[in-house]
Every structure is written in C-alpha cells, then in structure tokens.
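Let the sequences and hints guide you as you build the complete structure.
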Amino acid sequence: GLRRVLFKRGKRERTTIFASTIDSDVRRANLNTMSSPKDNKESEEGTQKSVTGPLPLDWTRVQRPPEEENDDHPVRFPWEVTCIDKNDDEIVIVGTAGQKITKMGSNLGDHCNPKLKQLVFRSHLIQTMEGIGTFEDLELLELYDNMIAKLQALDEGCNYAPGFTLKILDMSYNVIRDMEPVSSCPNLRELYLANNKIKSMAGLRNLKHLVKIDLGANKIRVIEPEELDALENLEELWLGKNKIEKIEGLTKLTKLRRLDIQSNRLESVENLTSQIETLEELYLAHNGINDDGASQPTGLGLKFSQLSVVDLSRNFLTTTKPFAHLTTLDELWLSGNKIESFDQISPLSTLTALDTVYLEYNPIADDFEYRKNVKQIIPSLNQIDANLILGSTAHGFNSVGGKHETHQEQMRRLQEMALTKAKAEGELRKAET
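In our numbering, the protein residues as written are 1 to 433.
Check before you lean on any hint, since a few could be wrong.
What the hints assert, rightly or not - With a straight-line cut-off of 27 angstroms between C-alpha atoms, the simulated DSSO-like cross-links for lysine-lysine are: (1) 246 to 219; (2) 255 to 219; (3) 197 to 208; (4) 219 to 197; (5) 115 to 150; (6) 246 to 167.
Treat the hints as calculated values from the structure; they're not laboratory data. None of these values were measured; they are calculated from a predicted model.
Here's what the structure looks like:
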C-alpha cells in the first residue's frame, strides 16, 4: 500500500519565499530611499540630489542556492513536528500540511526505536541527510520531495548502517547531481531517484539485487552498459524524460519486463534481443521514431513472446505494419502520430488478443465514422481510445427496437424519458395531496 501511494506521479513545485513575506515596514523604508530620474534633478528651490540605492536582496528568494536559503526557515526537527513513539519500527511524517521538518538532526537515533525498519520524511524542507547511521535494521528510507543536494550518511554507522540493510531507497524530487553513493547499499531491491539533476548512472554496477530502478526526469544522455551489466535481477527500468538518443546497454538484462524511455531523443527501437522472452511493457511515447525506426530487426521486428503493452504515442508513425506480428499485444497506444487512412491500420486485423487501441489525434480520428471503421477492421477490440465498446456501440451507435440511433438521438430520447418521469411523479404527488 505504501508503494502505491508513492507512485502517484506529478510535478511538484519547490516552496519559495517571495517578497510578500518580508516585513512591510522594511519594504516601505527601502522604497523611501529610491527615486526616479526625474526626482534626481535639483529643483529650483535648491533641494539636494537624492541617491538611488541597489535593490535590496531581501526582496526575493527566487533562484537563491539551497545553502543560502537555510536561514529562511525556522529549524524544526522531526520530534518537534510530531510525537515519535520509540516502540514503533516505522516512522512516516508527511509534510504536505502543517509544519515541515527542516533538519533531520544528528541525534535522530536518540528519539527513535534503534530497530527502526522504515523511515519516511516526505515533502519537507530537509537539505542534509544526517542522523541515520544508528539504524542497523533500516529497510526503507524515503526522503521524497525535499531539498537534498547530496547523498550522504548511507554507510557512516556501525556495520555500514543504514546502507547495508536498505532494500528500498526513494530520493525522488530533490536536487541530487551524483548517485555514486548508492553503491554503499548492496542489498537494494528498489531505487527511486526521479526528478533530480543526475547526468550519469554511476553507482549501480554492484547492486546485483536491484529489481526496479526509476531515474526518470534527470539529465542522463547514455544508458551505460558498464553500470547495468551486473544487474541480472532487474525487471523494471524507468528512464523517461531524459536526453537519451539510443537504446543500448541492455544486453545482460535478461529478466527485464518493463522498459520506459518516454520523452527522450530516440529515433529507433533497437537492441532488445536479450528481452525477447521477458519484455511485457514498452513505453516509448514522445520521441522521434518513424516507420523505419519502429521496424528494426533488433527492436520491434523481434517476435516477443510476452509483450502485451506498447506505447509509441506522439512519434512519427504513418502505419501500423511494425506491430502486425506482435500476436500477444493487449494494448497498443499510437495517439498523436501521422496515420491518415484506415488501410494503414489494417495490419492490426489479425491480432486476436488486441483489446485496446489508442488512435486519437491521428488524422483518421477526424473521420465521421472513425470508431465504427476501427472496430470493423479490428474485431477483437473492447476499447477505442478512452471509450469502452459496449454491445452495438462498437459501431458508433446504440440500437433501439432494431433501429440504429445516433448519439444525439440517444441523448434526446433519454432527456424526454427523464422529463416524462418527472412529470408523472409531479402528477402523482398532486393526486396524493
């Protein structure tokens, strides 16, 4: 249940202190020291020239580095924000409402159960990792949505605590630039570092127990094989919203089931031969992939045995031929491409397992009988775009008494039924009175 909560994705905005927080008297005093060029001229009465001072730095905190912002927030430790029971082996403090933690405290261990298993300080104003070296049994550490610039204190305790026992580390939505320190967590199974400022995947090569990695929304340009080759148990790799130009470095990931490289700079789907028996979901939306790029023999040209979901929305496809042989497909997302005719989706007609297709924002979606034609071409469909197909609505109509009814006619009929029912109930109430 905790993980489901953690993966409600969305952009978060850093808390920023604006000029409105500054004492109004100070602002008025500063304003009085300023004058326009016109005011700077000496008047006929011989008044002295006034001098305009520099704009006070305290007027705004925009774009100030984290180390300079530290003094802007009152110091609050976790035990000051909420009551911590020393018998609990889990601590979860979420700062989306109420007071926010600004310091973890070097003596954090004095206020907590020494056998702590889970520590979660989510959505606070923490800038420095500290005080966690005493937790030799810690399995989950989450400092999601804070202001942390550096991974540290992961192996400073006895027996390399807490890094040695960690199984889940979530440091997403911070300002971390270097992920090398995660190498001190050899037993990690899940690593989340989304929405940071990471450029290199360095630090992963010894984490052989990793099952899931999320490095989305960073500045990674290359999928580094030297960092991934030892991750023989990896099942999920999330690299969306980076600057990756080529799919590579996955040769040794023979258990990979989910691969996400959305919103990057890809032009081709390739180098997936090692995943032919395991890959189940492939997310490559918002790239620059055209028909040739989607037809590469080491990419979607392979006959994947488990592939059920493919998302190539917002690319440059004009046909569905690259998917015609993927007989295990259950969902195919092709929204926002350049498919112009229904002949270009006919290759999907043989995919008997295909349940859902997204073709909205393609030229063919403007056709008056778009849904009807798509269903006729792909009989197995139960959903077109966001709309389920129920009964004869699969052809874009509802049927009443054997006669086809358009959507407008259906709405008009239902409205008339509602008015008739309301009128009958009103007459009934009158009769009772």
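Comparing the hints with the structure gives:
no.	hint	result
1	246 to 219	14 angstroms, holds
2	255 to 219	26 angstroms, holds
3	197 to 208	24 angstroms, holds
4	219 to 197	6 angstroms, holds
5	115 to 150	25 angstroms, holds
6	246 to 167	30 angstroms, violated
The structure is inconsistent with hint 6 alone, although it conforms to all the rest.
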